[in-house]
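Number of protein chains: 2
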Amino acid sequence: MDKPTLPKGTRDFGPAQMAKRQFIFASIRSIFQKFGFLPLETPAMENLSTLTGKYGEEGDQLLFKILNSGDFLKDVPADKLVARDSRSITFDIAEKGLRYDLTVPFARYVVMNRHEITFPFKRYQIQPVWRADRPQKGRYREFYQCDADVVGTDSLFCEVEIILMIREAFAALGITDYSIKINHRGVLGGLADLAGAGDQQTSLFVAIDKLDKIGEEKVKEELVARGFSPNSLTPVFQLLNAQGTTADKLALLDGTFSQSAAGQKGIAELRQMLDLLRAYGASEDHVEFDVALARGLSYYTGCIFEVKIHNVAIGSVCGGGRYDNLTAVFDGKEKSSGVGISFGIDRIYDAMEELQLFPARTQISTKVLIAHFDAASHSYGLGVLRALREAGIASEIYPDESKLKKQLEYADRKLIPYTIVIGPDEVRTGQLTLKVMGTGEQQALPITDIIHRVRA
Amino acid sequence: MDKPTLPKGTRDFGPAQMAKRQFIFASIRSIFQKFGFLPLETPAMENLSTLTGKYGEEGDQLLFKILNSGDFLKDVPADKLVARDSRSITFDIAEKGLRYDLTVPFARYVVMNRHEITFPFKRYQIQPVWRADRPQKGRYREFYQCDADVVGTDSLFCEVEIILMIREAFAALGITDYSIKINHRGVLGGLADLAGAGDQQTSLFVAIDKLDKIGEEKVKEELVARGFSPNSLTPVFQLLNAQGTTADKLALLDGTFSQSAAGQKGIAELRQMLDLLRAYGASEDHVEFDVALARGLSYYTGCIFEVKIHNVAIGSVCGGGRYDNLTAVFDGKEKSSGVGISFGIDRIYDAMEELQLFPARTQISTKVLIAHFDAASHSYGLGVLRALREAGIASEIYPDESKLKKQLEYADRKLIPYTIVIGPDEVRTGQLTLKVMGTGEQQALPITDIIHRVRA
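Going down the list, the protein sequences come from chains A and B. Read left to right, the first sequence gives residues 1 to 456 (the working numbering). Read left to right, the second sequence gives residues 1 to 456 (the working numbering).
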C-alpha cells in the first residue's frame, strides 16, 4: 500500500502547533468577547447558489464544489456530456460548495434570521475556509479566518473599536512592531475626482494599490497607458506622497478636495474617528493614515483597514472595512450597514514563528508523569495519580511496565515538567521522589507536599 | 432573488447555541488535557484514496466527494461518459473527500509521522465530520466528533481511564443518570463458541445487538433462520439474561466459557480492569457490564464501550473500544494497538436541552452596556467604557444615539446583566446610574464602585 499523503495545500496540526494556534485563537476570542461580540458558526458546506457570483469570476473558479450524492449524471443533458463542457456541467452535478470566506455565510445568516437578531448585531466567527488556490508560502487551501463584524449601525465608533481590538489583540500576542493602515473610500473618490478618472476609478485604485510594490514611475506609466493625463496625476501623487501626522495629511487633503463631495465625506469621517479615539482616551499609536491604501474588495464603502507586521516577508495579516449593505448580495430590501475586520490567523502564526514571539507557556502538556519500577509501585502509583487529578493537576502514569529510562524519556519528549518516581522504598515510606525535569533536581516528599509544590 | 437556504442536514449555531456548545467542548477538552491527552487537528479534506474502503461499502457511498478543479472532464474515458456511469466516473473527477470520522485521519497522521511521535501517543481531536446520510432527528450531515485515543500501548489502564474520563465529563456537564456499558470482544467470541457460530460470528453479534430493540424472541427467530440450532442458543441467552454485579456475571461466564480461549481472555481482561479501577481508588458507578453489547465496527478487538443517557430518546452518546492495530488500513508493518473513545457532541447537546441541564451561566455575553441620553453623555460614556475594559470587564456602549428604551431593550435581548445609564446629571457629578437588569434595581455610584460591584 502506498504511504498516505495530505491533499496539496492542507496541513495537520500536531500538539506543539495546536498549542500555539490555541494561544492565538483564545487571545483573539477573549478580546472579541470583551468588546461585546457574540459567537456564530455556520456549516462548512453552503448551497452553490449562495456562494457563486459573490467573489468575482476568479473566486467562482476557486470554490471547492461538492459532487452530488447518488447517480449524479442521470439528468445531465447528453449534449453537455458529449461536449465535455466541464464548466457548465459543474452546476448539474454539484449543488454545494465549501465556504470561501466568513462574510457571505454571515450575510446569509442575517438574511435568514433577520427577525430574531438583536441589532446592532456584533458577531465573531472563527472557522476554516477553503480556496482552490495554487498553494505557495503563506497561502493554503484550508486556512482559518477570524472575523468580527457589527451590522445595523452607521456609528463610526465601530471603526474605532476595530482599531482598539487590533491593538489589544496584538498586545496579547506580543506583537509590537506593526502598522494599522487606514484609509477611506471617500478619500479614494477624492483622488479619482482630482485625476478626472470618470469610469476608470477601479483602474486608478488598482494601480495606486501597487505603489509600494512597483514604485511611482511604474504606476504612473500604467495610468498614462490607461488614458490618464500626466498633468492630472501630478496633484494625485503629491497627496500620495504626503508625509506627517494623520491630522497634517487630512489638512492637506482638505485644501485639495474642496470640490469633491466624496473626498469631503472621507475627511470628515476620518476626523470624527480621531475625535472618538480621543474621547475614549486612547492614543493613535500604530495607526497610519495611508492615502494609497485601496484594498481590492469593491463592497467597502467607508473606512478601510489593513495591518502589516514589520520585519517579516508576509503580506497583510488583517483587513476590513465599512460596507453600506452586507446583505445586498441576497436581498436589497433592508439595508444593513456595518463594519468588519478579519484576522488572518495562519499568517499571524507564521509571523510569530519567524519573530519568535510565542511564549514558552503555550505548550499544552501534562504537568506530572508518574514513573514506576515494578507492578507493585505501578499499582501504588494509581492512587497517587487520583490524588493529583483530584487536586486539578493534569497528570498521567506511564501505562506500561518499562525501563525507567524510557519512562523519563517520555516525560522529556512530551515536555512534562515534573516526574514522580515510585519504587519499593517510596511505596513503603510514602515519601515520593519528585524530579524537576528542567533542572534534574530531586526531592523526597509526601504527596500532599508535591501537590502544593506543583500547583505553585 | 430567492431567499437563501441552508444545505439539508446542516445547521447554523447562533450566539445562544454557541455558548452551550462551547460549554460542552470546553468541559470535555479540559478533562482530556487533565488526563494527558494532547490536541491534534487534521484537514477537512483528505485524499479519497485515504478514505475509501475504510468504512464499508455503505460508508463509501456516504462520503462527500470534492469535484476536481479546472477542466475535470478532460481525461474521463468517452465510453464512461456515454454510459453515464456515475459511480465509476466519481474517481475520475474527484480526488478528495470530506473527513467521515476522526479515526482514519488520525491513523493517517500516525503513519505519516511515526518517527516524530512520542509513543504511547495520547491525542484528542475535536472537529466536524461530514456524512451524506439521510437527515433525521439527531442525525446531521455535518456534526462534531470529540475523540480521545491512546496508541502504542496494551495497558488496560487506558481502558480504565476512558471510564474515568467519561464520568468526569458527565459530572462536569451535570449529566447524572446514564450507563457506561462495557463488554469485550473476547466475551462475544465466547458466546460465538458456545453457539457454534463458526464463520457466522458477525450474524450472531448483529442479531444480539438488537436484543433491547426487538426482544429475545425475534432475535432467536432471526438466528434460527440463519442456521443456528435452538439448543445451542439456550446457554447463550442464559448468559445474555444474566443479572447481578459485574463480578457475578463474570463468575457465571467463567464457568460457561471454560473451553473458549477468546472467552477466557475477555473475562481475564475485564477482571483486570476492575482491579485497576479499585487500585486507582474509584468506584464502579455507572459501569454496566452488558454481555449483549456488540457495536458494529469490526476493528475493535478488546474492550468495547457505549454510553446511554437515561430518560431521553437519543441513541448512544459515546462509543469506543480497543483495537489491535490502528494503522493496519494503511500499513501493516508496525502494529499500533490502542484504545479510543468518541463523544457525540450533537447528541449530548440534544440530550442536555431535553433534560434542561444547561446552566444559566453558559450564556456568553457582555457584562455591562453603557446607555446614554445625548451626544455629550455618549462621548463621556466612551471614557467609562475604557475604564471598564481596562478592568477586564466585557462591556460595550450603544453605538447610536437612540431612545433610552431602545438601548435598554438591546441590553435585555442580549442578556446583558448591567446597564450604566449616563445623562447630563451623571456627566456633571460623575455619579453614574447602575441598573441591574434582572431586578430593575438602580443605584448612583462612581465608576470605581461600579467596577468593584460588577466584578464581584
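It cannot be assumed that every hint is accurate.
No copy labels: a pair is met if it fits in one copy or bridges any two.
Said to hold, decoys possible - In silico DMTMM-like links for lysine to aspartate or glutamate, alpha-carbon gap of 20 Å or less:
id, residue 1, residue 2
1, 80, 168
2, 249, 199
3, 74, 92
4, 8, 217
5, 367, 354
6, 335, 284
7, 414, 168
8, 80, 400
9, 220, 374
10, 435, 412
11, 249, 71
12, 54, 95
13, 74, 116
14, 3, 95
15, 210, 374
16, 333, 209
17, 403, 193
18, 20, 116
19, 265, 400
Hints listed in this document are in silico derivations from the structure and should not be mistaken for laboratory results.
Evaluated hints:
1. 80 - 168: The answer is neither: 55 Å in one copy and 58 Å across copies each exceed 20 Å.
2. 249 - 199: neither (26 Å within a copy, 85 Å between copies)
3. 74 - 92: both (10 Å within a copy, 17 Å between copies)
4. 8 - 217: neither (38 Å within a copy, 54 Å between copies)
5. 367 - 354: For residue 367 and residue 354, neither the intra-copy (28 Å) nor the inter-copy (37 Å) Cα distance is at most 20 Å.
6. 335 - 284: neither (32 Å within a copy, 60 Å between copies)
7. 414 - 168: neither (32 Å within a copy, 24 Å between copies)
8. 80 - 400: neither (62 Å within a copy, 54 Å between copies)
9. 220 - 374: neither (79 Å within a copy, 48 Å between copies)
10. 435 - 412: For residue 435 and residue 412, only the intra-copy Cα distance (12 Å) is at most 20 Å; the inter-copy one is 54 Å.
11. 249 - 71: Neither: 63 Å inside a chain and 50 Å across chains, both beyond 20 Å.
12. 54 - 95: Result: close within a single copy only, 16 Å intra versus 26 Å inter.
13. 74 - 116: neither (40 Å within a copy, 48 Å between copies)
14. 3 - 95: Classified as between: cross-chain Cα gap 16 Å, same-chain 33 Å, threshold 20 Å.
15. 210 - 374: neither (69 Å within a copy, 44 Å between copies)
16. 333 - 209: Result: close neither inside a copy nor across copies, 33 Å intra and 55 Å inter.
17. 403 - 193: neither (79 Å within a copy, 39 Å between copies)
18. 20 - 116: between (36 Å within a copy, 18 Å between copies)
19. 265 - 400: Between copies, since 19 Å is at most 20 Å while 71 Å is not.
The structure shown violates the earlier hints numbered 1, 2, 4, 5, 6, 7, 8, 9, 11, 13, 15, 16, 17.
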